[in-house]
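Number of protein chains: 2
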Amino acid sequence: MAISVDTFFLNPDAQGTLQAQIQQMIAEGILSGRFHRGEKLPSSRKLASHLGVSRITVTLAYTELLANDYLTSRGRSGYFVSDNAPVPPSYAPAGRGTDRVDWPRAISKRFTGGDTPEKPRDWHRYRHPFIYGQADPTLFDHANWRLCALRALGQKEFASLTADYYDQDDPLLIEFIARHTLPRRGITARPEEILITMGAQNALWLAAQILLDPGRTAAIEDPCYHALRDVLVQSGCRLAPIRVDADGLPPDALPGKTDVIFTTPSHQAPTTATMPLARRRALLDRAQALDALIVEDDYEFELSFLAAPSPALKSLDRDGRVIYVGSFSKSLFPGLRLGYMVGSEPFIREARALRASVLRHPPGHIQRTAAYFLSLGHYDAQIRRMSRALHDRRAALEAAVAQNGLTIAGRGVYGGSSVWMRAPEGTDTAALADSLRGEGVLIEPGAPFFAGPARPTEFYRLGYSSIPSPRIAEGIARIAARISDPAPQEG
Amino acid sequence: MAISVDTFFLNPDAQGTLQAQIQQMIAEGILSGRFHRGEKLPSSRKLASHLGVSRITVTLAYTELLANDYLTSRGRSGYFVSDNAPVPPSYAPAGRGTDRVDWPRAISKRFTGGDTPEKPRDWHRYRHPFIYGQADPTLFDHANWRLCALRALGQKEFASLTADYYDQDDPLLIEFIARHTLPRRGITARPEEILITMGAQNALWLAAQILLDPGRTAAIEDPCYHALRDVLVQSGCRLAPIRVDADGLPPDALPGKTDVIFTTPSHQAPTTATMPLARRRALLDRAQALDALIVEDDYEFELSFLAAPSPALKSLDRDGRVIYVGSFSKSLFPGLRLGYMVGSEPFIREARALRASVLRHPPGHIQRTAAYFLSLGHYDAQIRRMSRALHDRRAALEAAVAQNGLTIAGRGVYGGSSVWMRAPEGTDTAALADSLRGEGVLIEPGAPFFAGPARPTEFYRLGYSSIPSPRIAEGIARIAARISDPAPQEG
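Listed in order, the protein sequences are those of chains A and B. Counting from 1, position 265 in the first sequence corresponds to residue 265 in this note's numbering; the numbering is continuous, with no gaps. Counting from 1, position 389 in the second sequence corresponds to residue 389 in this note's numbering; the numbering is continuous, with no gaps.
Take the hints with a grain of salt, since some may be wrong.
Where chains are identical, the list cannot tell them apart; a pair therefore holds if satisfied intra-copy or between any two copies.
Claimed, not checked - With a cut-off of at most 25 angstroms between alpha-carbon atoms, the simulated SDA-like pairs for lysine to any residue come out as follows: (1) Lys109 to Gly215; (2) Lys119 to Ala431; (3) Lys119 to Leu172; (4) Lys46 to Gln21; (5) Lys156 to Arg216; (6) Lys119 to Tyr166; (7) Lys119 to Glu157; (8) Lys156 to Gly426; (9) Lys156 to Ala143.
Think of the hints as simulated: they come from the structure by calculation, not from any bench.
Starting from the given sequences, assemble the full structure and let the hints guide the process.
What follows is the structure, given as structure tokens:
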């Protein structure tokens, strides 16, 4: 039986080349059992004319399927579904039964319902996206990332790409971090003191599992990164939220029974405060007095375009007390899921074993691609490109904020990618954010950053890592207008 | 000051093109502070002659560094380190202090010291590697994987590559699994019932966290995959190891107070037993009577080259009682870290939230690459190629085993990639494995698969997924010789 040409359609929304689409269409027809072994395909001429593509495109797709043994060619008779082509199973999928499990009882531990708000996934459709932590495609060195990925996919690199490292990391990436990245933060570390993680999130999570339990107390900054608070709540430890000031976390406010201190000294999240050197020393002294550990999240040090970054807290640590967390998510892109942690060997050993149990290791190909991108200098070039753009955007933002009489509650002295804003007292910035969405403006309400129950509602965060400079002024004007007149405007 | 040409060396072991090596050498010189702003580089002619490469290679490397703003060109005067080139920090890295942390006290929970043995990372150097679960470069469709990765790295795909999905998966990959992969196992599932995981390991770990606690009992097969036992021990639950027979897990042996049953019905790990249909129904009945859940690890169903695979246990599940775990690690490569789990929505919801907390999501680019590789038919073509090779290797293995009088304790009726062997009583296969290493033969001792404390020592596993057919017979002969004469042979 011949397969009718009429069963083929090109999807107008499809991605990829026409050849790939045709190949995919035929492969899926075979895999799903619509096309059977021995059936004849339309001639390349006929299919090309039906789809309105060139004949060579169809011929190339057929040739590819020949190589994969989905099709065979019988000389001038044309192409047929191969006798070796895969067949779908002969048994029909089972119908759906009724779920008879008592799930509320079966689930021993819940993880849903944390503080972390869902991010709008369609943020790039908004005209004024003051969102935080997403990648700006116009700033990313896509071409060189692609080249590095290709190199890491080379035949010679097969082992690094495919090996089940079990609990090891790519030695090239570890070496670059040890020799180039950490020295810039004033940190010296041996390879055994470094672990690659699935982003900073994964590093914070690992630290919490190893260092905390229901009998221990974790001090966190208030406000702080909401996902960190979720992780700590899940660990069951006691939480001590410490209100930050313009210099970040005040060491004197740490309670006497603190086991682990989570802090963002170089760029407090979300207020952007930088902790002065004197306070860093005081924090280390206080930690020593408490015999507490410190987890330092140094998530954005590269974006220091207004002043040189201060050395990491870890660089002042003489006792092995600080566990340092770094990330490539902000400077490369968050979907990469690549970060690292640095700490004393007994700690890293446990973190490595836990990581192996949870997920083995971050994929080898991604580690190797990042190692190339870093060592070829593309990473630093990209940071400088981003810094120039962020510098302009920050200036545009500050000018517009001043012009519209808005209040900045915190602006990173050395740069960064966001400012922390305060609306007039009594403003509910969650409602403000909802109403601004309709006008194409995305802002981030501040309440989820605070420890409950009485969370201040008048703060909000403005990110400028994904909004072009020319759209900043109008976006700020709309925020100001909506703050002074919360009722939706007519027409 | 000019940078001397003598400071440049090509590393004979370096990978990548000459151009990339030169570029990397200069970038690293700048990043590490050896080369300073304004310093003149050797002329391209001079450097080319010094390194013994063509002048155009050096010129291309310089041009690339110009584009990245590491170098500037001053017309005929040559190339200089750019005034915008990155500078290393002015503060020196801190010297190392003394670790003053009481780590045994600070670490609240230990994860080191499980049963999972370390794999030899240099297995490919051995002439007879009967190892399990590694990728064979000669069987992997490297060219098409690379093409799919390139397509997924295309400019148009930037969003899927970079987005912080937070807790979402690539819809293309989910759709393919739902429409093509699961129907072959007799399973119907909606996208909300599927979660992408970092390999099967990650899926098993997530299930254990959500379903178990110290008050609950998990039944496991004995012997079983050692890493699963490690995960369950870490969860603190009670463990009930059930000795498997030639048909896999016997349902009657499940204790009355079982909450979760972990099983590998289609291909018992490591004995390779396939559970017959009648026993599968009995297992589901028993689970219903116990009101227990079942976690089905279906890790190797694609490698069914001797007989059609049996439908998954999940396909017989009418109650939503079975959580199904699949993996691409065996059929693609383990370093990919890509698997998936299928279960009722309340369970998948919690698993998704926990995954978001631990690591957010598997990297978008890897999900998209796999989606292309699957939907273009390369995956099925590869499985068939692997199956043909494994078929030959299995035949060679069985012939050699018979010829040398060794004893097979379990061989998968439908195929697979390993056989389960039994040495004469009293043999310590750990010692046997050690002694065989010196002869270029790798085997896997069986003891770590068993629940302690009195573990049988005479079993071992022979994998044939990474050893070429022609080397099998001699490898088996060496094993047989060493079993009958455990003393190392002279010269």
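(message) Cα distance capped at 25 angstroms. Does Lys119 pair with Ala431 within a copy, between copies, both, or neither?
(response) Only inside one copy: Lys119 and Ala431 sit 16 angstroms apart there, 55 angstroms across copies, limit 25 angstroms.
(message) Cα distance capped at 25 angstroms. Does Lys119 pair with Leu172 within a copy, between copies, both, or neither?
(response) between (34 angstroms within a copy, 21 angstroms between copies)
(message) When Cα atoms must be at most 25 angstroms apart, do Lys156 and Arg216 count as within-copy, between-copy, both, or neither?
(response) Close neither inside one copy (49 angstroms) nor across copies (48 angstroms); limit 25 angstroms.
(request) Could you place Lys119 and Tyr166 in one of the four classes (within, between, both, neither) given a Cα distance threshold of 25 angstroms? (result) between (33 angstroms within a copy, 8 angstroms between copies)
(request) Could you figure out if Lys156 and Gly426 sit no more than 25 angstroms apart (CA to CA) within one copy, between two copies, both or neither? (result) Neither way: Lys156 and Gly426 sit 62 angstroms apart in one copy and 44 angstroms across, limit 25 angstroms.
(message) If the cut is 25 angstroms between Cα atoms, do Lys119 and Glu157 qualify within a copy, between copies, both or neither?
(response) Close across copies (20 angstroms), not inside one copy (37 angstroms); limit 25 angstroms.
(message) When Cα atoms must be at most 25 angstroms apart, do Lys156 and Ala143 count as within-copy, between-copy, both, or neither?
(response) both (22 angstroms within a copy, 12 angstroms between copies)
(message) When Cα atoms must be at most 25 angstroms apart, do Lys46 and Gln21 count as within-copy, between-copy, both, or neither?
(response) Within. Shortest intra-copy distance 17 angstroms satisfies the 25 angstroms Cα cut-off; inter-copy 50 angstroms does not.
(message) One pair to classify: Lys109 and Gly215, alpha carbons no more than 25 angstroms apart. Within, between, both, or neither?
(response) both (18 angstroms within a copy, 12 angstroms between copies)
Consistency note: the structure conflicts with the earlier hints numbered 5 and 8.
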